[in-house]
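There are 2 protein chains.
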Amino acid sequence: MGEYSLFGKFTVKDGERDALVEILLEATQSMKNVEECTHYHVHVSDDDPNAVYVYEVWKNADAHQASLALESTQILIQRAKPIIAGIERISTLQPRGGKGL
Amino acid sequence: MGEYSLFGKFTVKDGERDALVEILLEATQSMKNVEECTHYHVHVSDDDPNAVYVYEVWKNADAHQASLALESTQILIQRAKPIIAGIERISTLQPRGGKGL
Numbered sequence: 081m082g083e084y085s086l087f088g089k090f091t092v093k094d095g096e097r098d099a100l101v102e103i104l105l106e107a108t109q110s111m112k113n114v115e116e117c118t119h120y121h122v123h124v125s126d127d128d129p130n131a132v133y134v135y136e137v138w139k140n141a142d143a144h145q146a147s148l149a150l151e152s153t154q155i156l157i158q159r160a161k162p163i164i165a166g167i168e169r170i171s172t173l174q175p176r177g178g179k180g181l
Numbered sequence: 081m082g083e084y085s086l087f088g089k090f091t092v093k094d095g096e097r098d099a100l101v102e103i104l105l106e107a108t109q110s111m112k113n114v115e116e117c118t119h120y121h122v123h124v125s126d127d128d129p130n131a132v133y134v135y136e137v138w139k140n141a142d143a144h145q146a147s148l149a150l151e152s153t154q155i156l157i158q159r160a161k162p163i164i165a166g167i168e169r170i171s172t173l174q175p176r177g178g179k180g181l
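So the protein sequences, as listed, match chains A and B.
Residue 81 is where the first sequence starts when you use my numbering, and the numbers rise one by one after that.
Residue 81 is where the second sequence starts when you use my numbering, and the numbers rise one by one after that.
Chain A extracted, bound-state conformation (with noise of 0.2 Å):
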């Protein structure tokens, strides 16, 4: 079970919730050879049509970070900042247990 999770909203420019969603999930294509994260999901919400939602687990904060520097993420970083308007650290959280952790 990974020690680190973590609860963000990204908010999107108009009309561009879908495109991140996309961008979103090929990141998720690439953490597929990241052992160290073991759940990353995606979400959109009724209540916001600007907004996209991800839930992460990784096994440490260390791994989280590492990850950043992937060439991977960079390359989708860069794609995604010209549609989004804001993102924002929702929670940081360790697990404790669960169905599917």
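Pairs involving identical chains hold if they fit within one copy or between any two copies, as the list cannot separate such chains.
27 Å max Cα-Cα, derived BS3-like pairs, lysine-lysine: (1) 89 <-> 139; (2) 161 <-> 179; (3) 161 <-> 89; (4) 93 <-> 179; (5) 112 <-> 89.
Calculated from the structure, these hints are not laboratory results.
Please build the complex by placing chain B on the supplied structure of chain A, with the hints as guidance.
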């Protein structure tokens, strides 16, 4: 992939965090037989010693609603009530995909 996901926060009375974590982890045991619930993750946070966070992914909203009426859930709710000071639904979401989903 489930179509309905939730991220919420329980605030407990001082010193009761681990007691609530245990009750919620018991709830995840009873979720093992509930196919419509694919993820029920219990977290704590260094940011708030009296908070317990739950991340859930369900087949749909009806399945989640129905689970609240289960006897096992009702028993756990009664046990948890005395130590809970607040309940907050942070986000109601729709999963779009990702690793481990």
